[in-house]
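Undergrad: Sequence:
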Amino acid sequence: MNGIDLNSVETGNILGSGTCGDVFEVVGHESTLLLKKYSSMAIDRRLMERTYLRLERIPVEESISEGLAQVYDFRFSSPPYCVLQERIDGVLLERPKSLKEPVVWNMIRQMAETLGHLHKHGVVHGHLHPGNIFLAERNNSLRPVLTDMGTGLVGDVHHIDLGPSTFFAAPDQLCDGGRGWDNGNMQRWEVYSFGLVAYWLLNGHLPRGTKYIKQWEHDCTSSGGRPVGIDFGAYVTEVYDCPNISWGMSFGVSREFKLYREVIEQCLELDPAKRPVDMREVRNKFRGLQQQFALEDAEDRVLKEKRKQRAKLFGARAVALLLGISFLGATYYLIDYLKKTYFFQNKVTELDQVVLSQKAHISHLDERWAETVTDLKSSREAADSFFQRMAQGDNAGGSGVATLRKEDLEKSRDYYVKILEDVEKGESGSEDSALEKARALHSLAHIEKRIGLRDKAESHFIAAITTFREVSARYQKRQDVVYDIHMRLADSFENVSSLLDNPISHESMMALEKAVEHFDRLIEFKPNSEEVVTRLAGTTFKLGKAYEAHRKYRDAIQAYSKSAELASALRDTAANKEEIVELIGKLQFRAAFSLRETGSTEEAINAHVAAMETLEELRGVNGFSALQSIQLASSYLELGELFAQMEAEPEDLDQLYNEGLRLLSPLNTESPEDVEVAVLLCRSLVHLGELERNEARWSAGYRLSVQGIEALKEALAAQPDHVAGTLALAEARLSHLEFMDGDDEAGLKLALLGVETADAAYSILENESVIAEPLRSKWKERLGKVFRAYGDICQELGDASIANRCFERASLKVSSR
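Going by my numbering, the letters in the sequence shown line up with residues 3 to 819, in that order.
Don't read these hints as lab results, they were simulated from the structure. The reader is advised that the hints may include incorrect statements.
[Said to hold, decoys possible] No more than 27 Å apart at the CA atoms, straight line, and that leaves these computed lysine-lysine pairs for DSS-like: (1) 544 / 458; (2) 479 / 516; (3) 260 / 314; (4) 314 / 579; (5) 516 / 554; (6) 314 / 287; (7) 564 / 516; (8) 554 / 260; (9) 564 / 554; (10) 458 / 479; (11) 122 / 102; (12) 547 / 260; (13) 544 / 554; (14) 780 / 544; (15) 427 / 458.
Using the sequences and the hints given, assemble the complete structure.
TA: And the structure:
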């Protein structure tokens, strides 16, 4: 084959051994060729020779040949039995965790195309499992490449130890011992193996026989390096006893992927007669689905184009109709104008006399105007600069100061100070002087806040609130004024809350409650106003977080639910639909946290699921944004902890924690100093470690727990005063102590590290300027529980002095400096 044969090559170093023989380098071609020598007892030589002869006669198709390792020569007529083939520059197939599900399905379809082409020409691989599949770069794209044709439990094999690849064989193949491969049986075995590989790629585990596999892996771990055989009968019995296939959580899965899953389920039928006849049928099913999706997409595009053309036609007709009406109107007014022109000609003479008399009066007014212009010139320039940008303001009742330059702000501030002075002196000349004063105070406060005069801004916001309340009763019949007053009052209370030294203090919470009350009044005026609903939802979101800080969780739940209901009403009509949907998701997410604190476990689970489904609407081509990924990962973590309280199955908990880990790992790699991401990552890994430990996989659990702790330590090195991260590290080390059960010396060392971390959190909380109330009290209670737990452990391990110090710190209040 291809000008290279077994007689022209020299065997080099051994590369490894497999179930059927050894693999060697080829001298002079180390990077491109390899030689596989087979044991005569582990293969059926006649079947192998038939397979490779048929493979040699297959017509070459570029798209198919890229999925196969190229074979140059082979010999099975006399020993040594060997195959000279291409050395693949790639890696053995593992579940590609960094790839998205569409990419994995593309790889599965490529394998189906390759195997279908082989089956078409009577060639069956015979030993399909991840160890015989490489991921390699072909034509600038990553794709699976198949190797080792014909080996495995097929034909008259005297003796073979398949090892873990046994689990990728069909149960009826294992029962027959690989014999009886003719009459289409071998093709159906390969269809089942293909289904197992595809399911494993998507889920990371096999669909059946998992209990036996876990027990076998445990026996291998505890055997001290001695080989552990596989009991075909026990494994096959479990497969037949538990035939159901579970794909895990399925919300958010597209219709396309659900239909692909049905094809894989057909491949995994336990009855060979119900499986596809061979891989050609599987390949054709995938092709049919792709053609169906392409046709549906084309039909959808045609419908959209028809609607677009109808809209254009309607618009053209409407424009023509409006032009006609406009022409008729213009004609009417032209005729009327000509009539009036003739009439007014008679009036011109009379008006000439009036003009002469008014000229003298105008001359006198010009003199007074020149004096006024000089005084107001600078103020007018500032006012013009201010008011021309009001429409682009920050929704603060028309203040609009967000985009003004500092020099313009200074001029505007002088202008409003002048207005307030005129009002105080009674020189404003306006009947609504009190209302004018209140509006001036409100706008002046916004300008001062922008400049950086926080104390004066807070004082003027409070003065504006007092003045608006005094004058509001006078304008009850003028809805436009009442609306403006409530908008400015709501804005003033919200800004007062943000200007206080502690934005989550009791005073700040009361100010936010007042702001929400006034926004509620605005909703009565304009229930469908996107601007008002958005501002109310945003303010309520701040109020809910303040309620959470003060542990008023039921009030927080009520606030979040109310805002989410209002925002949902605008979900389909709002101009900025994505912002509304994201806000609804945040409100549902925070409500879930408050529900958990009240002990409403099922309601909290439903709220998290609702938030995740809402967030799914925002998934872009490149997935979620960083903030969306953090929220989604937090929901997976919270759901895992909530289901753990309800004693859910370990497999379900493992899936939830792994989903959160999948979202957090790229974020932690990109920003290892982000403590919030590191805390969530650490919690997920610690929980996964606990699951592994409970399943008797101590080493795997220990590594996961250590990995989470190290990630959090690295983030805290950049932010050592982060109290939440420091507390989470102390709690993680507390959980890690479970791995030290039975080793008191190692357990004590780890406990002392945990106490050291708790002491660091204690030092941070001593500084009142770093953490304000009421969060400070909340952290102190949580820290007290940590100290008590470490005290009990140190006492049990025999270190009484450390235990007593922990108990003392658990009972003492953190002092204020």
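Undergrad: Flag every earlier hint the structure violates by its number, smallest first.
TA: Violated: hints 3, 6, 8, 10, 11, 12.
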